[in-house]
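Asker: Construct the complete structure from the given sequences, taking the supplied hints into account.
If you read the protein sequences in the order shown, they are chains X and R.
All residue numbers for the first sequence refer to our numbering, where the first residue is 380 and numbers rise by one.
All residue numbers for the second sequence refer to our numbering, where the first residue is 4 and numbers rise by one.
The hints are all genuine.
Simulated crosslink set (SDA-like; lysine to any residue; CA at most 25 Å straight-line):
{"#": "1", "chain 1": "X", "residue 1": "LYS462", "chain 2": "X", "residue 2": "ARG598"}
{"#": "2", "chain 1": "X", "residue 1": "LYS411", "chain 2": "R", "residue 2": "ARG257"}
{"#": "3", "chain 1": "R", "residue 1": "LYS261", "chain 2": "X", "residue 2": "LEU527"}
{"#": "4", "chain 1": "X", "residue 1": "LYS462", "chain 2": "R", "residue 2": "MET4"}
{"#": "5", "chain 1": "X", "residue 1": "LYS411", "chain 2": "R", "residue 2": "ARG258"}
{"#": "6", "chain 1": "X", "residue 1": "LYS608", "chain 2": "X", "residue 2": "PRO392"}
{"#": "7", "chain 1": "R", "residue 1": "LYS83", "chain 2": "X", "residue 2": "LEU535"}
{"#": "8", "chain 1": "X", "residue 1": "LYS529", "chain 2": "R", "residue 2": "VAL19"}
{"#": "9", "chain 1": "X", "residue 1": "LYS413", "chain 2": "R", "residue 2": "PHE255"}
{"#": "10", "chain 1": "X", "residue 1": "LYS529", "chain 2": "R", "residue 2": "PHE15"}
{"#": "11", "chain 1": "X", "residue 1": "LYS577", "chain 2": "X", "residue 2": "GLU508"}
{"#": "12", "chain 1": "R", "residue 1": "LYS261", "chain 2": "X", "residue 2": "HIS587"}
{"#": "13", "chain 1": "X", "residue 1": "LYS462", "chain 2": "R", "residue 2": "THR5"}
{"#": "14", "chain 1": "X", "residue 1": "LYS412", "chain 2": "R", "residue 2": "ASN259"}
{"#": "15", "chain 1": "R", "residue 1": "LYS261", "chain 2": "X", "residue 2": "MET469"}
{"#": "16", "chain 1": "X", "residue 1": "LYS413", "chain 2": "R", "residue 2": "ASN259"}
{"#": "17", "chain 1": "X", "residue 1": "LYS680", "chain 2": "X", "residue 2": "ALA657"}
{"#": "18", "chain 1": "X", "residue 1": "LYS462", "chain 2": "R", "residue 2": "PHE255"}
{"#": "19", "chain 1": "X", "residue 1": "LYS524", "chain 2": "R", "residue 2": "PHE15"}
{"#": "20", "chain 1": "X", "residue 1": "LYS667", "chain 2": "X", "residue 2": "GLN622"}
Below, a sample of chain R positions facing chain X; criterion: calculated Cβ distance under 8 Å:
{"#": "21", "residue": "ASN6"}
{"#": "22", "residue": "GLU17"}
{"#": "23", "residue": "ASP21"}
{"#": "24", "residue": "ALA88"}
{"#": "25", "residue": "LYS92"}
{"#": "26", "residue": "PRO93"}
Worth flagging that the hints you see were computed from the coordinates, not collected in a lab.
Think of the CB as a built atom: it goes at the ideal place given N, C-alpha and C, for glycine as much as any other residue.
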Amino acid sequence: MPSVSKNRGMPNPAIEIESLSKEYPYGFLHLKKKMSLESLSMQVQRGEVFGFLGPNGAGKSTTIKLLMRLIFPTSGTARILGKSIEDVSMHREIGYLPEQPYFYDYLTVAELLDYFARFHRLRAADRQERVQRMLKKVGLDTAKKIQLRKYSKGMLQRAGLAQAILHDPEVVVLDEPMSGLDPLGRREVRDIILELKKEGRTVLFSTHILSDAEMLCDRVGVIVGGKLKGVGTPGEMVGIQTQGMEILFEVDSTTKKSALLERATKTGDRYRVHLPEAELYGALDELKAAGARILSVAQIKPTLEEFFMNLVDADRAQANAVEVSEQ
Amino acid sequence: MTNVWIVARNTFREAVRDRVLYNLVFFALLMMGAAILVGQISIGIEQSVIISLGLTAVSVIGIFIAVFIGVGLVSKEMEKRTLYALLAKPVERWEFLLGKYAGLVMTLTVNTAAMAVGLYVALWSVKHPLERSDWYVLVAVYLILLKLALIVALAMLFSCFTTPFLAILFTAGIYIAGVFAEDLRTMQVVDMTPATMKLLKGISYLLPNFENFNVMGAVAHARGVPGKLVLQDTWYAILYGTVVLAAAAVVFSRRNLK
Numbered sequence: 380m381p382s383v384s385k386n387r388g389m390p391n392p393a394i395e396i397e398s399l400s401k402e403y404p405y406g407f408l409h410l411k412k413k414m415s416l417e418s419l420s421m422q423v424q425r426g427e428v429f430g431f432l433g434p435n436g437a438g439k440s441t442t443i444k445l446l447m448r449l450i451f452p453t454s455g456t457a458r459i460l461g462k463s464i465e466d467v468s469m470h471r472e473i474g475y476l477p478e479q480p481y482f483y484d485y486l487t488v489a490e491l492l493d494y495f496a497r498f499h500r501l502r503a504a505d506r507q508e509r510v511q512r513m514l515k516k517v518g519l520d521t522a523k524k525i526q527l528r529k530y531s532k533g534m535l536q537r538a539g540l541a542q543a544i545l546h547d548p549e550v551v552v553l554d555e556p557m558s559g560l561d562p563l564g565r566r567e568v569r570d571i572i573l574e575l576k577k578e579g580r581t582v583l584f585s586t587h588i589l590s591d592a593e594m595l596c597d598r599v600g601v602i603v604g605g606k607l608k609g610v611g612t613p614g615e616m617v618g619i620q621t622q623g624m625e626i627l628f629e630v631d632s633t634t635k636k637s638a639l640l641e642r643a644t645k646t647g648d649r650y651r652v653h654l655p656e657a658e659l660y661g662a663l664d665e666l667k668a669a670g671a672r673i674l675s676v677a678q679i680k681p682t683l684e685e686f687f688m689n690l691v692d693a694d695r696a697q698a699n700a701v702e703v704s705e706q
Numbered sequence: 004m005t006n007v008w009i010v011a012r013n014t015f016r017e018a019v020r021d022r023v024l025y026n027l028v029f030f031a032l033l034m035m036g037a038a039i040l041v042g043q044i045s046i047g048i049e050q051s052v053i054i055s056l057g058l059t060a061v062s063v064i065g066i067f068i069a070v071f072i073g074v075g076l077v078s079k080e081m082e083k084r085t086l087y088a089l090l091a092k093p094v095e096r097w098e099f100l101l102g103k104y105a106g107l108v109m110t111l112t113v114n115t116a117a118m119a120v121g122l123y124v125a126l127w128s129v130k131h132p133l134e135r136s137d138w139y140v141l142v143a144v145y146l147i148l149l150k151l152a153l154i155v156a157l158a159m160l161f162s163c164f165t166t167p168f169l170a171i172l173f174t175a176g177i178y179i180a181g182v183f184a185e186d187l188r189t190m191q192v193v194d195m196t197p198a199t200m201k202l203l204k205g206i207s208y209l210l211p212n213f214e215n216f217n218v219m220g221a222v223a224h225a226r227g228v229p230g231k232l233v234l235q236d237t238w239y240a241i242l243y244g245t246v247v248l249a250a251a252a253v254v255f256s257r258r259n260l261k
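Answerer: Encoded structure:
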């Protein structure tokens with residue numbers, strides 16, 4: 380796949396979103412309105428991998444669908460590679476993987492890719508070569524003659540990824556790309572994203588899996604309840620909230636008694652102890668002096684649930700505070 | 004128009020693989036049965052019976068396909084979200100819509116042409132050689148195809164803004180009302196006010212006049228179909244169909260997908 384690194388350093392961002400909002404009417408006469416996305420503004424720079432993080436229903440897919448003109452904004456604008464999202468020609472340089480993709484039942488994956496490649500005006504020989512290359516890349520070359528209705532969820536996800544990058548797009552937008560994949564499939568998708576980054580492409584992907592974001596992203600945006608909570612490096616947004624340190628160690632008959640040993644939790648033959656970051660070095664010295672064998676030292680980070688729940692709680696607390704002050 | 008053609012080709016391929024053309028087996032059996040029975044029970048009017056029965060079957064089967072598959076063309080793509088990846092390609096929504104329409108009209112054309120061949124085989128089996136007047140059947144088949152193309156356009160329009168069930172009901176309702184459009188225009192009820200009569204007349208002009216496309220009676224009795232009528236019907240179907248498809252494109256272009 381050709382590199383697009385020539386675009387790096389160009390002044391305008393790959394994706395620019397300005398005050399994008401989306402309201403959905405509901406109720407019998409559609410008189411009530413639900414705000415799904417509230418005045419979202421952010422930028423994704425060229426050549427970066429940007430993770431869009433948030434719990435289910437946070438507004439990640441809504442934002443992506445707005446960018447792909449599958450739904451229309453109530454207000455606000457967005458540009459991709461300097462072109463308005465209203466401009467269909469913008470899609471020549473964009474690849475998109477929908478959330479839980481589904482394709483035509485009676486086509487094979489090779490036919491599907493050939494079908495989509497035609498919209499990019501690729502010549503027959505070029506189409507054939509790209510289709511074969513993509514099938515190998517996503518691991519579907521052995522299943523290329525099977526109709527898509529017989530595909531598993533994971534295989535459909537791979538087919539979706541193949542159609543998204545088939546035409547060498549400069550910007551790739553992936554909505555929950557790891558969803559439905561087994562550990563091997565997830566790793567392959569991670570490798571593909573890293574490869575796209577290496578080629579200088581811009582990748583925007585949504586996920587609710589923190590480890591994926593930490594592993595792949597240059598920056599992440601966290602969205603909760605339709606509102607952007609912040610944009611920064613994964614370390615700034617998630618890792619900074621370290622909840623302390625964990626030491627894993629083993630003891631034997633020669634190990635002396637220690638206060639830490641009494642605080643530790645025993646799991647099998649091993650002990651683990653949680654303590655504040657400031658106490659780490661003192662604790663390590665103490666364990667060493669006692670003759671314990673230290674196996675690992677790790678940061679304790681909030682789980683996904685804890686991380687998002689903290690944001691949701693903060694959101695609710697802020698809403699309540701506004702309500703009280705208005706009363 | 005290249006994008007329209009790409010979508011149309013795929014729609015046709017999907018329809019063929021989805022066994023839409025299997026109805027031809029039913030039609031073939033019907034024609035075979037009719038040819039055998041007619042020879043025994045209708046002495047002297049075999050040709051007329053075969054033509055009437057054949058053209059009715061061509062029309063009814065075509066209407067079923069046009070309504071049910073026409074409604075599903077867009078609604079199924081929205082429901083299954085197959086069009087998400089497609090609309091993220093450099094494709095306008097109207098191109099997608101027109102491509103789906105053209106694909107189904109292609110399918111109906113192949114289907115109707117195959118049924119016409121079956122009808123001629125049945126006709127030939129009860130009376131050969133065929134006469135010049137028998138070729139009027141082709142005109143009747145062409146007009147049925149125009150009618151079906153119009154029904155597909157209506158089905159697509161309704162499926163762009165309502166549920167598949169309601170879209171089927173609306174399309175069937177408009178079709179039935181359209182068959183009686185001329186009766187509505189000339190309807191005279193004793194205590195009807197002039198305003199009501201004007202309203203009914205207005206509605207009758209708005210409805211697609213499907214009876215225009217019905218020349219079955221004339222063709223079954225070996226009477227010719229005036230070229231002027233064929234030309235008029237062709238223009239009527241093109242103009243009416245264009246307006247309906249344009250309305251569908253406007254609605255679909257503004258529709259938020261789920």
